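Visitor: Just need the whole structure built from these sequences, with the hints factored in.
The working numbering numbers the first residue of the sequence shown as 203 and each following residue consecutively.
These aren't lab readings, by the way, just hints derived from the structure by calculation. On a predicted model such as this, the values are computed, not experimentally measured, just so you know. A few of these clues could be false.
What the hints assert, rightly or not - Now the in silico label distances, taken between C-beta atoms and shown as ranges:
#, residue 1, residue 2, range
1, A630, P221, 50 to 60 Å
2, H572, P314, 49 to 59 Å
3, S659, Q276, 15 to 25 Å
4, T383, Q600, 27 to 37 Å
5, G442, D492, 40 to 50 Å
6, S260, F465, 55 to 65 Å
7, T704, R741, 13 to 23 Å
8, R629, V317, 41 to 51 Å
9, R434, R512, 51 to 61 Å
10, Q600, V652, 21 to 31 Å
11, L329, K485, 14 to 24 Å
As the list claims (entries may be wrong) - List of simulated lysine to any residue pairs, SDA-like, C-alpha gap at most 25 Å:
#, residue 1, residue 2
12, K485, T601
13, K562, R721
14, K485, A719
15, K562, G574
16, K485, V675
17, K562, Q673
18, K485, V410
19, K562, L510
20, K562, T601
21, K562, Y384
22, K485, A674
23, K562, K485
24, K562, G678
25, K485, R214
Where is the CB? At the ideal position from N, CA and C, for every residue including glycine.
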Amino acid sequence: MILETVDPWFSRVTGPAGPTRLFCFPHAGGNPADFLAWAGPLGPDVELLLPTLPGRGSRLFEPPIGEFGPLVEQLTGAVSRLADRPFALFGHSFGALVAFEIARALRRAGGPVPVALWVSGAEGPQLRSQRRRVHDLPDDELIDVLREYAGTSAELLEDRELVELILPAVRADFAMNEHYTYRPEPPLALPIHVLHASDDPHVVTDPVAGWTRETTYPPHVTEFSGGHFFLREHEAAVAGLLRAGLTAADPRNPYQDQPARAFWRTGVAEPDPLDITDVWRPKFAIGQDDPIITAGSCFAREIGRALLERGMHWYVAELPPPGLSAAERADRHYGEFSFRTGNIYTTALLRQWVEWAFGKAEPPASSWEHDGRHFDPYRPSVDPAGFASLDDLLAARQTTLAAIRRAVETAVCFVFTMGQTEAWADRADGTVFPSCPGTIRGTFDPDRHVLRNLTFSEVYEDLAATIQLCQAVNPGLRVLLTVSPHPITATASDSHALVASTHAKSVLRAVAGELAAQRDDVDYFPSYELITGAPFRARFYQANLRTVSPEGVAFVMRHFLGRTSAHSTVNGGDPSCDDAVLDYYNAH
203 MILETVDPWF
213 SRVTGPAGPT
223 RLFCFPHAGG
233 NPADFLAWAG
243 PLGPDVELLL
253 PTLPGRGSRL
263 FEPPIGEFGP
273 LVEQLTGAVS
283 RLADRPFALF
293 GHSFGALVAF
303 EIARALRRAG
313 GPVPVALWVS
323 GAEGPQLRSQ
333 RRRVHDLPDD
343 ELIDVLREYA
353 GTSAELLEDR
363 ELVELILPAV
373 RADFAMNEHY
383 TYRPEPPLAL
393 PIHVLHASDD
403 PHVVTDPVAG
413 WTRETTYPPH
423 VTEFSGGHFF
433 LREHEAAVAG
443 LLRAGLTAAD
453 PRNPYQDQPA
463 RAFWRTGVAE
473 PDPLDITDVW
483 RPKFAIGQDD
493 PIITAGSCFA
503 REIGRALLER
513 GMHWYVAELP
523 PPGLSAAERA
533 DRHYGEFSFR
543 TGNIYTTALL
553 RQWVEWAFGK
563 AEPPASSWEH
573 DGRHFDPYRP
583 SVDPAGFASL
593 DDLLAARQTT
603 LAAIRRAVET
613 AVCFVFTMGQ
623 TEAWADRADG
633 TVFPSCPGTI
643 RGTFDPDRHV
653 LRNLTFSEVY
663 EDLAATIQLC
673 QAVNPGLRVL
683 LTVSPHPITA
693 TASDSHALVA
703 STHAKSVLRA
713 VAGELAAQRD
723 DVDYFPSYEL
733 ITGAPFRARF
743 YQANLRTVSP
753 EGVAFVMRHF
763 LGRTSAHSTV
773 NGGDPSCDDA
783 VLDYYNAH
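Guide: Okay, structure coming up:
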């Protein structure tokens, strides 16, 4: 076969160009020419493109690239230049990481994206096991490692002069593989096909679970007999699988067998709104005695009460001291959530509290002073009378941080209700507040206090990092996300309140949906849709079109708990919504 260069970074087999292109990336130190055997079985409909990398092949005397980011950047640019027709990416072992990150880089660039990603002999990027450090071994030891891995021909390894020519590129590949760091992003909206071997010693974690997290599509999984380099033993089968996946058209109409709930007319428009059913199918079951913890916006407090009413185990980790009356407990925000943080409207604030609780960050030893009393900037409404001293304030905060630790370590399920994207931050230390300084407590300083309207990526990263930290101490913890149907009370952006609220809820809903689609241990409950959906025509809002009525709360809880009756003792209203105070500043 004769190869021709189509880009400084890629070559192809000469001949007619196929309608679909397949970019293939080899294992660390591998030779892209190993894929040439696929050219025949792939047939004329799939054009095979192989990377031409510095330090090997026709670019042997160029310095190899040893940093993952620059390598992906160069390859992404080349793939973009060749994306004039449908294309897919294939990678084996380290090459799977390269192909995966190219797919994500193409999405970030907003250009053409692959029709599919094929990954072979590789763990999912989030769940990779510890890499063996070999890139900086002496030459003889590194050559022994290559013999052990059996991915490089024995004849080549016996030719010392030739080996010395390729070792710099081999070291560069292993260095990138060993130093790779996964960064959370939403899953790819494309199919990922996972090929793995039955006896692969280099794939320790479950490859299917790891890659399933990275796609919104159901996984396509094929297992082959053999070890890490099973592709060589099954060249024809793998090539046939690729050809079938890239050229076959599914004749089935995907809507043909969908149930009534999948169609707007039969699922939404025709039933009485109160009779709409099957809106939520829980991913995981929660037992009657399983500890459940809750946190979030003001709507979240209704979930804990409903759980208690149903006889479920709502776990409250921060109990009131003896001697307080019911009014005093309510005034000091005991029993609203599983710990006494007050309302947590943003994912940034949730992450901040969890990182403080588990020692990943240190909370500022500061307070807001007023009339000789000290108020906690990070929960200014929780102790409305304040504290006599800063030490008393910090001691109370430590009690709450200990409660967060107990709650996370104990719980089977963490229910978090997302409410806002607008967060006020402190320029001095980067911390975020639950409300704008100067509203509930404190004094607004325009030189110090800055508005952050969290983006999709920021909300996603905050939630993913929080879940990761919680599961590090409680691996069995499952997370149930929901979006508060309460519109925002006010916005500090330049938008109309209606636009700002819609934007915030759209971002939160999209993030919750992405995480739930990505992970088996994260679910989404549609409280937002059950209140704001078109068939309900604002019937569940009170006169201010913001506060959800008791009827609305009961309707949501009926779906949440699987009740057949809308009766509930929940009250609705805004008694503990910190942002409700913003109406005070409305001069019109």
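Visitor: Evaluate each hint against the coordinates.
Guide: Here's how the hints hold up against the structure:
With their beta carbons about 58 Å apart, A630 and P221 fall inside the hinted range of 50 to 60 Å. A hinted range of 49 to 59 Å for the beta carbons of H572 and P314 is consistent with their spacing of about 58 Å. Checked against the hint of 15 to 25 Å, the C-beta distance between S659 and Q276 comes to roughly 24 Å, which is consistent with it. Between T383 and Q600 the beta carbons are some 33 Å apart, a value that agrees with the proposed interval 27 to 37 Å.
Judged by the Cβ atoms, the range 40 to 50 Å given for G442 and D492 holds: they are separated by roughly 47 Å. Checked against the hint of 55 to 65 Å, the pair S260 and F465 passes, with Cβ atoms roughly 56 Å apart. Distance hint check for T704 and R741: the Cβ-Cβ separation is about 19 Å, which falls inside the suggested range of 13 to 23 Å. The given range of 41 to 51 Å is respected by R629 and V317, whose C-beta atoms sit roughly 45 Å from each other.
Distance hint for R434 and R512: a CB-CB separation of about 58 Å, consistent with the stated range 51 to 61 Å. Take Q600 and V652: their Cβ atoms lie about 28 Å apart, and the range 21 to 31 Å holds. Checking the proposed 14 to 24 Å range against L329 and K485 shows it holds: the Cβ atoms sit about 19 Å from each other. Of the pairs offered as hints, the one joining K485 and T601 is violated, with about 33 Å between alpha carbons and a cut-off of 25 Å exceeded.
With a C-alpha separation of about 24 Å, the suggested pairing of K562 with R721 holds against the 25 Å cut-off. Pair hint K485 plus A719 holds up; C-alpha atoms about 11 Å apart against a cutoff of 25 Å. At roughly 32 Å between alpha-carbon atoms, K562 and G574 are farther apart than 25 Å, so this suggested pair is violated. The straight-line distance between the Cα atoms of K485 and V675 is roughly 22 Å, inside the 25 Å bound, and the hint therefore holds.
With a CA separation close to 14 Å, the supplied pair K562 and Q673 stays within the 25 Å bound. Distance hint between K485 and V410 is fulfilled; the C-alpha atoms sit about 18 Å from each other, no more than 25 Å. For the given pair, K562 sits about 33 Å from L510 by alpha-carbon distance, which is inconsistent with the 25 Å threshold. With a C-alpha separation of about 17 Å, the suggested pair K562 and T601 falls inside the 25 Å cut-off, and the hint holds.
Restraint check for K562 and Y384: satisfied, since their Cα atoms lie roughly 19 Å apart, inside the 25 Å limit. The straight-line distance between the Cα atoms of K485 and A674 is roughly 21 Å, inside the 25 Å bound, and the hint therefore holds. As the CA atoms of K562 and K485 are separated by approximately 30 Å, the hinted pair breaks the 25 Å bound. About 21 Å separates the Cα atoms of K562 and G678, which keeps this hinted pair within 25 Å; it holds.
In summary, the hint linking K485 to R214 is not supported, as the alpha carbons are separated by about 46 Å, beyond the 25 Å threshold.
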